[in-house]
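Residue numbers (my numbering), protein chains in the order written: chain A, 1 to 171; chain B, 172 to 502; chain C, 503 to 1042.
Be a bit skeptical, because a hint or two may be false.
[Unchecked claim] With a straight-line Cα cutoff of 25 angstroms, these simulated SDA-like cross-link-like pairs (lysine to any residue) come out: (1) B:Lys491 to C:Phe643; (2) A:Lys151 to C:Arg818; (3) C:Lys584 to B:Ala482; (4) C:Lys778 to B:Ser495; (5) C:Lys648 to B:Arg220; (6) C:Lys822 to B:Ala465; (7) C:Lys544 to B:Ser495; (8) B:Lys491 to C:Leu888; (9) C:Lys778 to B:Leu243; (10) B:Lys369 to C:Lys778; (11) B:Lys501 to C:Arg818; (12) C:Lys747 to B:Tyr497; (13) A:Lys151 to C:Arg1028; (14) B:Lys369 to C:Lys822.
[What the hints assert, rightly or not] Facing chain B, a subset of chain A residues (Cβ under 7 angstroms, in silico): (15) Glu28; (16) Arg31; (17) Phe32.
Simulated from the structure, these hints should not be mistaken for laboratory data. Cβ coordinates follow ideal geometry from the N, Cα and C atoms, glycine included.
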Amino acid sequence: MTLMLSKNRRDELVSLWYDRIVGRYPAETERFLREQADPFANPVGCALREDLAPVVDGLLDGRDPVDLASGLDRVIRVRAVQDMRPSAAVGFVLELKEAFEAVAGEEPEAVRSAFCQRVERLLLAAFDVYSQCREQIFAIRVNEIRNRSLKVMERLNSWREARAGGPAVDA
Amino acid sequence: MSALVSLVAVAALALLAVVAVASDDLRLVFGAVIPGIAFAVFLVGIVARVIRWARAPVPFRIPTTAGQQRSLPWINNSELDNPSGTPGVLGRMLLEVLFFRSLFRNTKVELLTDKEKVNYIGTKYLWAAAMAFHWSMLIVVLRHFRFFVEPIPRFVEIIQAVDGFFQVGVPVIYATSAVLVASLGYLLLRRLVDAKVKYISLPSDYFALYLLLGIALSGILMRHLEKVDIVNVKAAIAGWASFQLVRPEGVGVMYFIHVFLVSVLLVYFPFSKLLHAPGVFLSPTRNLANNNRAKRHVNPWNPPIIGHTYAEWEEEFHDKLVASGYVLDKE
Amino acid sequence: MAEKSPQELIQIDLDPPRRDWRNPSVDFESRRGTWSYPAAAKNIEYMGYANPREWSPTDDDWQLPDNWQQIIHEGFKERLAKYRSLRVFMDTCVRCGACADKCHFFIGSGDPKNMPVLRSELLRSIYRNDFTLAGKLLGGFAGGRKLTKEVLKEWFYYFFQCTECRRCSVYCPYGIDTADVTMMARELMMLVGLNINWICEPVANCQRTGNHLGIQPHTFKDNIEFLCEELEDSHGIKIEPVINKKGAEVLFIIPSADYFADPGTYTFVGYLMLFKQIGLDYTMSAYASEGGNFGLFTSHDTIKKLNYKIYHEAKRLGVKWILGGECGHMWRVMHQYMDTMNGPADFLEVPRSPLTGTVFENARATKMVHICEFTADLIRNKKIKLDKSRNDKYRVTFHDSCNPARALGLFEEPRYILKNVCNHFYEMPENTIREHTFCCAGGAGLGNDENMEMRLRGGLPRGNALKHVRDAHGVNLMSCICAIDRATLPPLAEYWSPGVEISGVHELVANALVMDGEPERTVNLRGEPLKEEKEGTTDV
């Protein structure tokens, strides 16, 4: 079911959500995130600016929150390595609920509760994305040593054994 | 908070000058004694500081390279961003000192919608304000030479004529006065409004800006509102220029505020970040050529350190070296 | 315990309340993943550094010497007298903020204390308090503060969060180099026993065996022979590596990661293939088996100590000049420090390419040539035959490594080579390359795994630019000329821009290099087919 929201309201909702997210950073960082328009000098702010609107649209259109959460990958990926607890890293999704209350408070109860439910499902899906990122970080950490040196050492050791006429199986 | 403390400090200093006008003795002190001492402190302080810098050795040649090095003859090198010799260094320093080249480098990129093309626009506000401030400051200082030197040098007259080109107001409002105040205003506003810059700002950062603003504004008010008698001013200044204690006559309160704040600035200068002015000439990342591999740089205190020698190494791994068939120096 | 409101729960934990940066507090326990483990006592002892002990930053008591403040004060004083750079950098900053958003760690972490100006202020505030009249008279008003244990802990946290990449220095109107400030701060911390193991272990290894990994001469030889035999098996190209040969024309110095860690090994084999093809009379050294020099991240004295072996070995072997492989910080040392510290190299000759006759005037004093300069000259003079199409499966971009970029200005040589060895080359956005290049966030001794979160944060700007060319041009390989990059960029790419591999420049050179009498190439150095297999072709 598509929830109808005027274009203005929808824009207001997106920007309020954005404000609430960047507002949680220290003031001096917030300023930088907002003002530096260059996507290469400010990848964090840029991801927030670009990726929130499609998610809001998708929620209003009633699209699958799992798909929508992957649209938040860039944002969550950053939060997964920044200095915040898991609750804060995905909690930004809940801000959308409050933003919606502020922007669309006088909408019918049915619409509001429908939107809230969708946000909650998005939150769960976002948590999955976050967990994947964290798991990836741990995997990278473990694999790094292996990829760098152990692989070479394993190859080297079997070569040594072969050269010494040891137990290596030669074709 | 930092900003407020500094504002109060500068205001208090200005007030001090106002109070001083009331007393004849203090007029002498504030109009002649203090400026004289301040100027002496300024000169001695700067010279001492520069000597202290210059006496500290430069053990390593560590230029920051911001362009292609000079290597193979068919590769164009960027002499001004990565100088290979003295002319290049001079060019780099000139660009740095006169045009704030490094500050100019701030660029930002805009991604066009088709995501294929990228647009580059400079974020040059800081650079523009810094240029505006420093250049107008220089011209203002040069303009003041007409008070110190008799006859007025030709270049001062030219500067004055150009500066007052627009012929607005009586006496003529100089363009640099307006630019000076505007650029200082911007630099101050930036510190107050940009959270990033606010965070890094110390009380002394605001102090310098308020002080300069106070000097500029009192100067402008003296010229345009108080309409101080130029002949009297000149007489007063001629006094301390010729090392005589002359009590300034016929000058108003703005004159005292102006002169006192300038004195404070002169004293403050050698002990503060305002030292960046001479400092920029001595920065080892900018004033050295990137010819490290072509020309040996000598460290005057090069410590006598010797690493692990080959002989020690060969001795430590002797058996392993022999076992894997290395030829040894020592059998 | 009071229940937290949802608002409190989602508050970002960036060290609130941070009203004023001059009140330090770092909670190491809650910030795991963003700092490196301290140096093991055995490494400190081996190097004869101060205060060897087992400790952790999470301890309350860091077991500092009783007079640690005095030690740092004296050390600071000594360095102010010895380095003009330190004096000028301490005095001239006006806190204009031009550097503030240039640091990859600030961009990625959002932590304001990662702004370069504040990193330097950590030291500068102490300088003002201890050594300036204004600081002594006016204290906090002039920006001074006392050196307390909390300040020292903050030093340890933030000065081991600077990769000494010098990006901020490019934008500074006074040329203040945060890398230099960080080096000084690390020297001072070392005086009271604050070092990290990922720096001190390689240093100790390097001092003893000649290389970071502690590879002893027999393993060194084995390793290299093994890599050559692997090449023979896969490509039918036979290489006899030359080690410790007296009287060779050229001594070839490489970072040890090139012969001991993937993907550096492909680059290493690449060098040797090139030398074989052109018939260069070279030798490697089992004693000078490391070009890298973690002294750069420790102290100036350590740089000199570890760098000693290069000229010493060149003299012993009687070579004419030195050629250096692809490595970043190694080249900062060779270019900016070696001759000054351990020269003059008057027993060597001015480097001259035996194939083209080109005299490398830019290395006239130091007598050490970068392999990219050497190879670019070969290509320009058409001394090697290259088949670009062998790299056709790669769509390549080039990552300027910090040190070759901002300490040498080596921009065109690798690009000239890449454009001659592959058909598809794409630049990343202009403000992320050349002198503006973003660091891999693992340099200066921070490329350890316990610091992974910080590395990934700092790697965001590079990863983001990489992702841009990946999406826009299908880039699938990022080439670079730094051994630390080759180790730290793969995780970075995996997280921020999956699908992009990392290589050295000479790996691609060797892929394209047409060698005399070689069997037809079907696979590249990584053993992958030269052409993408069409779908449906049968697997063997």
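Item to check | Unsatisfied constraints (hint numbers, rising) | outcome: Hints 1, 2, 3, 7, 8, 10, 14 are the ones this structure does not satisfy, whereas the remaining hints hold.
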